Amino acid sequence: MKSLSLLIIAMFLVSCDHGLAPPPSVEPGFGGTLYFEKGTWPSPDSLNSLWLFASQVYPLDSVKVVQGLISNPPTIYLYPASDKSLPFNVDSVSYSFSPPVATYKYVGVIQRFANDINVHSLRVVGVYATNDTPPLPIPVIVNEGVFTPGISFRVNFYKPPPQPF
Amino acid sequence: MKALTINIALCLVWCSALVCQPAHGTLKGSIKDAETGQAVVGANVTLQGTFLGAATDANGKFSIARVPVGSYALTVSMIGYERIRLDGVKSVADEATTLDIQIHSSPIQSEPVIVTANRREQSFQEVPVSVATVSAKMIADRNNVTLDDALRYVPGVNMMSDQVNIRGSTGYNRGVGSRVLVLLDGLPYITGDTGEINWETIPMFEVERIEIVKGAGSALYGSSALGGVINVITRETPAQPEFRFRAFSGLYDKPQYPEWQWTTKPRFNSGVIGSYAGGTGSLKYLVSVGRTVDESFRENDTYQRWSLFAKAKYDLSSSQSLTIAGNYLYRTHGNFFWWNSLQEPLRPAESQRNGLVTSDRGNISVAYKEFVSDKLFYTVKGIYFGNFWRDDSSGRVNNVSTSHLFSVDAQATYDMNSSHTLTFGFASNYDRVEANLFGTHPGVGAAVYAQDEMGVTGELKLTAGLRFDWERVSVLKATAQLNPKVGLVYMPDKETSIRASFGSGFRYPAIGELYIESSTNVSAVAVLPNPDLKVESSLSYEVGINRSIGSMIVVDVAAFRNDFKDLIEPSVQIKQYRPNPSSTYEVEGPVIQFDNVTKAMIEGVEADVRVEWWKKWFSTEIGYTYTWPWDVGDNVILKFRPRHILYAGGLLSWNRVRASVDFRFLSRIERIDENLVRLAPIVDGDARVAIKIVDVRASYDLIDLGYPLRIGFNINNLLNYSYVELLGNLGPVRTYYLTVEGLF
Chain A
1 MKSLSLLIIA MFLVSCDHGL APPPSVEPGF GGTLYFEKGT WPSPDSLNSL
51 WLFASQVYPL DSVKVVQGLI SNPPTIYLYP ASDKSLPFNV DSVSYSFSPP
101 VATYKYVGVI QRFANDINVH SLRVVGVYAT NDTPPLPIPV IVNEGVFTPG
151 ISFRVNFYKP PPQPF
Chain B
1 MKALTINIAL CLVWCSALVC QPAHGTLKGS IKDAETGQAV VGANVTLQGT
51 FLGAATDANG KFSIARVPVG SYALTVSMIG YERIRLDGVK SVADEATTLD
101 IQIHSSPIQS EPVIVTANRR EQSFQEVPVS VATVSAKMIA DRNNVTLDDA
151 LRYVPGVNMM SDQVNIRGST GYNRGVGSRV LVLLDGLPYI TGDTGEINWE
201 TIPMFEVERI EIVKGAGSAL YGSSALGGVI NVITRETPAQ PEFRFRAFSG
251 LYDKPQYPEW QWTTKPRFNS GVIGSYAGGT GSLKYLVSVG RTVDESFREN
301 DTYQRWSLFA KAKYDLSSSQ SLTIAGNYLY RTHGNFFWWN SLQEPLRPAE
351 SQRNGLVTSD RGNISVAYKE FVSDKLFYTV KGIYFGNFWR DDSSGRVNNV
401 STSHLFSVDA QATYDMNSSH TLTFGFASNY DRVEANLFGT HPGVGAAVYA
451 QDEMGVTGEL KLTAGLRFDW ERVSVLKATA QLNPKVGLVY MPDKETSIRA
501 SFGSGFRYPA IGELYIESST NVSAVAVLPN PDLKVESSLS YEVGINRSIG
551 SMIVVDVAAF RNDFKDLIEP SVQIKQYRPN PSSTYEVEGP VIQFDNVTKA
601 MIEGVEADVR VEWWKKWFST EIGYTYTWPW DVGDNVILKF RPRHILYAGG
651 LLSWNRVRAS VDFRFLSRIE RIDENLVRLA PIVDGDARVA IKIVDVRASY
701 DLIDLGYPLR IGFNINNLLN YSYVELLGNL GPVRTYYLTV EGLF
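Residue numbers (the working numbering), protein chains in the order written: chain A, 1 to 165; chain B, 1 to 744.
The set of hints was computed from the structure by calculation and includes no laboratory data.
Keep in mind that the hints are not guaranteed to be accurate.
Once the Cα atoms are required to be at most 20 angstroms apart in a straight line, the calculated EDC-like pairs of lysine to aspartate or glutamate come out as [unchecked claim]:
1) A:K64 to B:E586
2) B:K575 to A:D132
3) B:K375 to B:D415
4) B:K254 to A:D17
5) B:K599 to B:D634
6) B:K639 to B:D566
7) B:K534 to B:E471
All values derive from a computational prediction rather than experimental measurement.
When you get a sec, could you build the whole thing from the sequences and use the hints?
Listed below in structure tokens is the structure:
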């Protein structure tokens, strides 16, 4: 009988932690680390800017890229801002990106390799994707009050992923 | 003269009719408890080889009238007592034969008879596989409105929302392509389109008991019995007219955290069901009608149901009977597929806030049974199971599916002699699906099966069986399956039963898995058909022991292993596909497709201990299942399977009071399919914890106050624990129920 009583008490005790709880309130967004493959950095003359981008539209074509960047509100967001760039010639960089609440179907790193600003001077050099061949873009959802960490991926300038435009 | 001739002729005919009628006698007597000498109320007394029988009254007396003259085997069965059989009981013409019978209590409150394991009546100890039962009383105590609720307390079984998993057989498939076969009175009850189980259409108020056979059972039951078989046995039409009803009203408590509360209004869950049984002479029938309304604790998760069940049994003679049964369910249900996020787990994702699913489902079955002699009987059964559903989104009809399934099963059981019992039969099915998601496809199948139970020695019994299945779906190539089973039961003494079994299982892909085609209905990713799917199969091995210790304790321990091949699961791939069926161009991108992706091995042990205390006023049960579910293909733990399942319960039954508590624990699922979470996409879809739920209840019988009523109060999820059974679906919050049951 003693063991029975102990069992009942144990039963209640193990259930007292209440289980799932709401995540703490944070600024919505996502973050992670970008890893650059060593020895693949391009020469400085073909490296004008480097951004992390998050697009609500996928697949993209040339028209959608332009529209996505200039429409109001935009559907493609850059990190850092368009007049800035991610650092060059580093092994990795951590980031914390807070675009508006939405589902971003295509997240990656884009390189501007010429001074002209048009789609012909841009190429995608890394994508947050599965390990399949070819890689499958993984959507990132930015929800109210949710910050999603761990959106990390590799960038290899020699082996860019399939280009969307 | 002419009139006289006619009168004489009529007299001769009348007299010859009297002479030709078989002579009858009456069997009567009493049933007493061998230990206490007290009358046993409600014991079933039956004559083998006939439909004749009676239940003991309040004084333990029984009487079976109009028994044809002859010698019979009489059996007495009662929950909590050992089943006994008396051979050579004689019915003498125009005389009453009196029998005073004493029966011994068994140490546990188990069902005396199991019918599913070998397709015939057997005692619990004679069965070579692990079997669990859920009685009508347990269902009433727990106020289980649907069958899946009742299964949440069975050792070795866990539910992932409405998807059942026996000893790890099933992963994540949202109910499509069930690997557990559900039978309704012995006939397959799986939908024709998606191959899933419709829990809500099972008439729970009319259930006598539920038998759960663990392990592959295709050697007797065919497709879908990979992980086990659940047989729902509806109650017999009672001998006396009666009216029963159950009414309940439930109130959902607030969620554990204020920020999860999405409405300030109280949310109710209530229902009422009434059943009338009557009849005259050889015809008995029962009809029940039910209405349940659940406002749900979650947004757009409400449902409303109307249900109708009817069953009629006509005894054509003392050895022939015809039973016709049918049920119908109309339901509207909100379309909560997964939560918005863990910040708002009681609200669905934006796209699911207006959807509504309407369904009409029904079946009608016919069963003819005849005892050719006390050694040979056969049954011929047929069922039609029709399903129609449609989901509407914002007033627009989205998906529509209609499926028709016809099954026929003819079975004979022959007790050749004391050493051999043969069971053999034929089964056939035809189904047809018409759906915008799956297309229009027919399916047809047939099977033959045979089994012999051999008494090797007095203590050792061997069972061997084989079933051949053939099936063709739509225009695909026909496939055939051969499934064997072997079982061994050794009973060295009255208290011990040692068992070992081997069986195989298989499942034909459901039409839904083969042909589903949807651009964005299931998730943000397109879903494509895969007509190349192969049959999935399993092999089950088990050894176990069941032993009574004294008169209070029963222990059952089993070790098992299941090998699965070609498991069909949804998988994500990159493919060229048409964005919608009418498109003339293709795009490349991610798609979800059912595929034969996994080979798995699941090993485990299961222990169940039942103890009865204080002259059986109080009973406890603890069931623990450990499984080691391994994905042999990828050499990692299998997705969506808990490793530990523990159930513990206690029941106090004293005078007119019944009070009980249940606790269930399922360890945290270690591995899920991240692609499903990402691509669906389900925000916070990987959030999960171990499940620890406490339910309590008490009821009181008002018969002493002159009312044939029982009132009960239940609290489900007493500690308001927050958990998920299914990705992105928070389990029910604490709920209070008031129930009233009556019998007139």
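Hints that the structure is at odds with (numbers, increasing): none
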